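Listed here are the chains, written in short residue letters.
There are 2 protein chains.
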Amino acid sequence: MADNKKMVEAITSMEEDFTQWYTDVVKKAELASYSGVRGCMIVRPYGTALWENIRNDLDARFKALGHENIMMPLFIPESLLQREKDHVEGFAPEVAWVTHGGEEKLQERLCVRPTSETVFCEHYADIIHSYRDLPKLYNQWCSVVRWEKTTRPFLRTMEFYWQEGHTMHETAEEAWAETERMLGVYADFCEQSLAIPVIKGRKTDKEKFAGAEATYTIEAMMHDGKALQSGTSHYFGDGFARAFDIQYTDRANKLQYPHQTSWGMSTRIIGAIIMTHGDDNGLVLPPAVAPVQLVILPIAQHKPGVLEKAAELKERLAKVARVKMDDSDNSPGWKFAEYEMKGVPLRLEIGPRDIENNQCVLVRRDNREKTVVSLDELETKIPELLQAVHDGLYQKALARRESMTYTATTLDELCEIANNKPGLIKAMWCGEESCELQLKEQAGVTSRCMPFEQEELGETCVCCGKPAKKMVVWGKAY
Amino acid sequence: MADNKKMVEAITSMEEDFTQWYTDVVKKAELASYSGVRGCMIVRPYGTALWENIRNDLDARFKALGHENIMMPLFIPESLLQREKDHVEGFAPEVAWVTHGGEEKLQERLCVRPTSETVFCEHYADIIHSYRDLPKLYNQWCSVVRWEKTTRPFLRTMEFYWQEGHTMHETAEEAWAETERMLGVYADFCEQSLAIPVIKGRKTDKEKFAGAEATYTIEAMMHDGKALQSGTSHYFGDGFARAFDIQYTDRANKLQYPHQTSWGMSTRIIGAIIMTHGDDNGLVLPPAVAPVQLVILPIAQHKPGVLEKAAELKERLAKVARVKMDDSDNSPGWKFAEYEMKGVPLRLEIGPRDIENNQCVLVRRDNREKTVVSLDELETKIPELLQAVHDGLYQKALARRESMTYTATTLDELCEIANNKPGLIKAMWCGEESCELQLKEQAGVTSRCMPFEQEELGETCVCCGKPAKKMVVWGKAY
Numbered sequence: 017m018a019d020n021k022k023m024v025e026a027i028t029s030m031e032e033d034f035t036q037w038y039t040d041v042v043k044k045a046e047l048a049s050y051s052g053v054r055g056c057m058i059v060r061p062y063g064t065a066l067w068e069n070i071r072n073d074l075d076a077r078f079k080a081l082g083h084e085n086i087m088m089p090l091f092i093p094e095s096l097l098q099r100e101k102d103h104v105e106g107f108a109p110e111v112a113w114v115t116h117g118g119e120e121k122l123q124e125r126l127c128v129r130p131t132s133e134t135v136f137c138e139h140y141a142d143i144i145h146s147y148r149d150l151p152k153l154y155n156q157w158c159s160v161v162r163w164e165k166t167t168r169p170f171l172r173t174m175e176f177y178w179q180e181g182h183t184m185h186e187t188a189e190e191a192w193a194e195t196e197r198m199l200g201v202y203a204d205f206c207e208q209s210l211a212i213p214v215i216k217g218r219k220t221d222k223e224k225f226a227g228a229e230a231t232y233t234i235e236a237m238m239h240d241g242k243a244l245q246s247g248t249s250h251y252f253g254d255g256f257a258r259a260f261d262i263q264y265t266d267r268a269n270k271l272q273y274p275h276q277t278s279w280g281m282s283t284r285i286i287g288a289i290i291m292t293h294g295d296d297n298g299l300v301l302p303p304a305v306a307p308v309q310l311v312i313l314p315i316a317q318h319k320p321g322v323l324e325k326a327a328e329l330k331e332r333l334a335k336v337a338r339v340k341m342d343d344s345d346n347s348p349g350w351k352f353a354e355y356e357m358k359g360v361p362l363r364l365e366i367g368p369r370d371i372e373n374n375q376c377v378l379v380r381r382d383n384r385e386k387t388v389v390s391l392d393e394l395e396t397k398i399p400e401l402l403q404a405v406h407d408g409l410y411q412k413a414l415a416r417r418e419s420m421t422y423t424a425t426t427l428d429e430l431c432e433i434a435n436n437k438p439g440l441i442k443a444m445w446c447g448e449e450s451c452e453l454q455l456k457e458q459a460g461v462t463s464r465c466m467p468f469e470q471e472e473l474g475e476t477c478v479c480c481g482k483p484a485k486k487m488v489v490w491g492k493a494y
Numbered sequence: 017m018a019d020n021k022k023m024v025e026a027i028t029s030m031e032e033d034f035t036q037w038y039t040d041v042v043k044k045a046e047l048a049s050y051s052g053v054r055g056c057m058i059v060r061p062y063g064t065a066l067w068e069n070i071r072n073d074l075d076a077r078f079k080a081l082g083h084e085n086i087m088m089p090l091f092i093p094e095s096l097l098q099r100e101k102d103h104v105e106g107f108a109p110e111v112a113w114v115t116h117g118g119e120e121k122l123q124e125r126l127c128v129r130p131t132s133e134t135v136f137c138e139h140y141a142d143i144i145h146s147y148r149d150l151p152k153l154y155n156q157w158c159s160v161v162r163w164e165k166t167t168r169p170f171l172r173t174m175e176f177y178w179q180e181g182h183t184m185h186e187t188a189e190e191a192w193a194e195t196e197r198m199l200g201v202y203a204d205f206c207e208q209s210l211a212i213p214v215i216k217g218r219k220t221d222k223e224k225f226a227g228a229e230a231t232y233t234i235e236a237m238m239h240d241g242k243a244l245q246s247g248t249s250h251y252f253g254d255g256f257a258r259a260f261d262i263q264y265t266d267r268a269n270k271l272q273y274p275h276q277t278s279w280g281m282s283t284r285i286i287g288a289i290i291m292t293h294g295d296d297n298g299l300v301l302p303p304a305v306a307p308v309q310l311v312i313l314p315i316a317q318h319k320p321g322v323l324e325k326a327a328e329l330k331e332r333l334a335k336v337a338r339v340k341m342d343d344s345d346n347s348p349g350w351k352f353a354e355y356e357m358k359g360v361p362l363r364l365e366i367g368p369r370d371i372e373n374n375q376c377v378l379v380r381r382d383n384r385e386k387t388v389v390s391l392d393e394l395e396t397k398i399p400e401l402l403q404a405v406h407d408g409l410y411q412k413a414l415a416r417r418e419s420m421t422y423t424a425t426t427l428d429e430l431c432e433i434a435n436n437k438p439g440l441i442k443a444m445w446c447g448e449e450s451c452e453l454q455l456k457e458q459a460g461v462t463s464r465c466m467p468f469e470q471e472e473l474g475e476t477c478v479c480c481g482k483p484a485k486k487m488v489v490w491g492k493a494y
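Protein chains in written order, with this note's numbering: chain A, 17 to 494; chain B, 17 to 494.
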């Protein structure tokens with residue numbers, strides 16, 4: 017193809033340089049590129065389509081539980097951000113400040129929202145008066161800005177996209193239940209739609225959200241053994257309600273403060289997809305959110321009837337999958353590489369001989385397994401194979417996590433593992449922050465979470481030897 | 017209902033005070049409320065659901081034509097905004113400036129995007145190299161910020177939500193065709209989905225977009241006779257391409273500048289819906305975008321079987337419409353008023369006697385027409401009635417526009433109409449900006465557009481008497 021300037025270049029292998037591999041995949045799969053503003057990414061059409069599928073899936077899960085979307089202002093006045101003490105301490109150092117509107121200097125600085133608890137609370141104070149107004153189950157899809165020093169596409173960017181749910185409830189029990197319920201939604205979404213196994217647990221006080229009483233998290237393990245916090249759900253108690261004067265009349269006609277939660281999942285999850293399923297040929301997308309689930313590649317497309325058949329299949333199969341047909345003049349080999357790079361779960365090859373035999377070849381992205389399928393059976397075979405890709409991805413990720421999760425009962429053992437084996441380490445903990453700091457210092461690990469599913473690995477803290485309170489999963493993290 | 021604190025209060029009538037009526041509807045229908053930041057609105061769940069329906073409808077129209085969504089950064093460096101001279105002059109006076117990130121003062125100010133031509137162009141310079149890379153048909157859904165002096169919910173807010181399409185083409189012809197095609201998409205959307213008749217035309221140079229060669233517009237007439245610009249589509253030529261160094265190798269292997277368009281529709285369109293269809297009982301929503309198309313109200317709901325029947329209908333009818341059932345203990349009268357205020361297109365009343373007779377009552381929001389319908393026919397009757405509501409709204413709006421559109425052939429006549437009759441005025445124009453300024457001064461009207469469908473009302477300019485070039489629609493505008 018003399019005319020064809022585009023070439024699919026090989027990417028750095030994971031083994032050689034995992035960080036570079038990640039960057040190569042983001043770029044070559046055309047998910048995102050950097051813009052002229054430091055740390056702000058352009059999410060390209062393929063990445064945006066992936067995010068839209070993630071958003072639509074999650075949004076349907078939220079709405080099925082009664083949540084409503086709302087659109088809150090981008091700006092937060094400085095005085096509003098300062099209302100809740102812990103919260104402002106956590107966020108003020110990393111916000112972008114608007115100081116001028118047009119030619120005029122503002123009387124009060126506005127920050128670009130880093131998260132929206134404060135504006136939600138201000139609104140809740142306006143609209144919550146009676147127990148009849150509760151619960152309020154609101155969510156918004158938006159971008160937020162945090163002034164990060166070092167950034168990487170999807171994993172840590174100054175501007176990122178997310179949803180933030182903010183709910184208010186009559187009782188603490190209800191709010192706790194919501195915090196847990198929404199963590200469950202995230203875990204189900206990761207496992208059912210992204211084929212990513214996750215550990216559900218609670219963050220230690222050191223790692224919790226600024227202003228929260230408790231933070232629940234789902235943690236996933238990446239290819240390189242590092243953990244990635246994939247979604248969080250916070251219980252606030254009535255701390256913000258008190259700071260923002262939100263009160264309601266309860267069923268006994270008494271004034272009460274409502275109890276609050278918030279929960280979020282962001283474009284970081286795209287980083288988790290890349291680093292959980294990707295391989296040395298590029299991206300591997302879980303079928304439920306893949307922008308293209310099946311790519312049809314006509315072989316020897318100049319031969320009579322091939323393009324017509326491919327187009328006919330595209331029409332037909334649009335009913336069972338998101339289909340693309342590529343009839344460009346790139347070579348088949350080039351196309352194979354391109355759609356592998358883009359992680360399309362299934363490839364359908366059809367050439368003159370296949371047409372004669374009323375068949376085609378289906379190739380799975382995850383394991384390159386080929387199946388010759390009768391054209392009459394595609395409507396059943398394709399959904400089956402997409403499910404098989406999903407299951408294969410999930411099982412592979414789960415097996416990897418299990419084989420890379422270790423147990424330590426002494427500090428030496430923990431350091432030894434942390435220094436030599438990428439992965440997660442389960443160990444008992446006394447509950448003191450000093451031990452967290454020491455493990456960070458000596459082993460370079462942080463507490464990822466206290467899993468809901470606790471195990472009794474011993475009776476003493478792996479670090480200080482005092483009586484243990486919880487089993488913690490430790491690890492290096494993104 | 018002693019226990020029921022909520023009351024549906026009457027709103028100001030249109031006749032009495034149109035501006036107050038508008039504000040009342042926005043508030044009482046719970047579409048939006050103001051936040052603590054001047055000019056920034058909170059779009060409440062009902063308004064957000066309406067916007068989501070608008071967005072999904074438009075988005076499907078764009079995608080069907082091959083447009084892809086992309087997510088661009090919120091911030092634009094000052095130097096980038098300055099690259100195209102006319103553009104920066106138009107926007108710099110009304111942008112919000114970020115000067116600090118965290119504790120640190122930025123070396124270069126960033127503006128919060130007022131529109132994204134500049135960042136799109138920067139990206140296009142990176143990714144457009146050959147005619148094979150064209151056309152690029154990108155769109156983004158986001159919010160933008162313009163530092164407005166006076167604001168009103170939806171009509172003019174500092175932050176507003178919109179989509180902005182930005183496309184690049186090989187030839188001027190193609191870009192002109194795209195500019196026109198997208199205006200057509202907006203016009204079809206307004207007429208088919210919002211039941212709003214629009215006039216398609218071109219803006220005069222005075223009224224065009226900063227940096228564009230030509231701006232096309234659709235103009236709608238509100239209840240009070242004022243025009244509302246409802247969507248615009250711009251042809252840029254290669255001005256931005258030259259300013260941003262975007263060049264491609266054409267089919268003859270020569271370097272060329274591509275030709276550009278952009279087009280946008282915003283949350284302003286919700287203002288247009290309110291002021292086109294609303295009445296003294298509140299909002300009236302066009303069925304295609306109404307968050308709830310049919311509300312089921314059980315009558316005498318304490319009687320045995322009523323709530324069960326209502327719930328059964330809700331289940332059943334979810335297949336043909338977006339349905340809500342209200343079994344709260346508010347009185348039927350209160351519920352009637354509430355769903356009229358919220359503009360729900362159809363109301364279904366069902367009580368014990370209806371159940372006995374296997375029937376129910378359907379009431380249209382637009383004209384309060386009641387139909388008694390057999391429960392067996394609902395699946396066909398409801399879509400028919402929703403279509404009838406749509407058609408009724410469209411015809412009413414069209415008749416109003418026609419009855420309130422006048423023709424003027426002399427300046428006196430034009431002033432006389434402008435001073436005494438709310439509405440639009442068609443009159444011939446010489447093409448000079450001085451006449452536009454004079455008409456603004458003497459009659460208080462601006463040129464809304466030069467309609468694509470021109471009429472020959474005379475041979476001379478209504479203002480200066482020189483030979484006329486175009487028929488213009490003049491009016492007061494939002």
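Mixed in with the good hints, there may be bad ones.
Since the list gives no way to pick one copy over another, a pair counts as held whenever it fits inside one copy or between any two copies.
Here are the computed lysine to aspartate or glutamate pairs in the DMTMM-like style, where the Cα-Cα straight-line distance is at most 25 Å [to be verified]:
no.: 1; residue 1: K335; residue 2: D73
no.: 2; residue 1: K165; residue 2: E372
no.: 3; residue 1: K121; residue 2: E94
no.: 4; residue 1: K340; residue 2: E84
no.: 5; residue 1: K224; residue 2: E365
no.: 6; residue 1: K340; residue 2: D73
no.: 7; residue 1: K492; residue 2: E418
no.: 8; residue 1: K165; residue 2: E120
no.: 9; residue 1: K79; residue 2: E68
no.: 10; residue 1: K412; residue 2: E31
no.: 11; residue 1: K330; residue 2: E372
no.: 12; residue 1: K121; residue 2: E110
no.: 13; residue 1: K335; residue 2: D75
no.: 14; residue 1: K412; residue 2: D204
no.: 15; residue 1: K270; residue 2: E94
no.: 16; residue 1: K79; residue 2: D240
no.: 17; residue 1: K44; residue 2: D142
no.: 18; residue 1: K43; residue 2: D149
No lab work stands behind these hints: they were computed from the structure. This one's a predicted model, so the numbers in the text were calculated from it and none came from an experiment.
Taking the hints in turn, this is what the structure says about them:
1. K335 <-> D73: both (19 Å within a copy, 20 Å between copies)
2. K165 <-> E372: Result: close neither inside a copy nor across copies, 60 Å intra and 71 Å inter.
3. K121 <-> E94: both (15 Å within a copy, 17 Å between copies)
4. K340 <-> E84: Between. Shortest inter-copy distance 14 Å satisfies the 25 Å Cα cut-off; intra-copy 33 Å does not.
5. K224 <-> E365: Neither, since 50 Å and 50 Å both go past 25 Å.
6. K340 <-> D73: For K340 and D73, the Cα distance is within 25 Å both inside one copy (21 Å) and across copies (22 Å).
7. K492 <-> E418: within (16 Å within a copy, 70 Å between copies)
8. K165 <-> E120: between (29 Å within a copy, 11 Å between copies)
9. K79 <-> E68: both (16 Å within a copy, 13 Å between copies)
10. K412 <-> E31: within (18 Å within a copy, 69 Å between copies)
11. K330 <-> E372: Answer is within: at 18 Å inside a copy they meet the 25 Å cutoff, but 51 Å across does not.
12. K121 <-> E110: both (22 Å within a copy, 12 Å between copies)
13. K335 <-> D75: The answer is both: 23 Å in one copy and 20 Å across copies each meet 25 Å.
14. K412 <-> D204: For K412 and D204, the Cα distance is within 25 Å only inside one copy (17 Å; across copies 49 Å).
15. K270 <-> E94: Neither: 33 Å inside a copy, 54 Å across copies.
16. K79 <-> D240: neither (35 Å within a copy, 38 Å between copies)
17. K44 <-> D142: between (48 Å within a copy, 14 Å between copies)
18. K43 <-> D149: between (48 Å within a copy, 17 Å between copies)
Hint compliance for this structure: hints 2, 5, 15, 16 are broken, all remaining hints hold.
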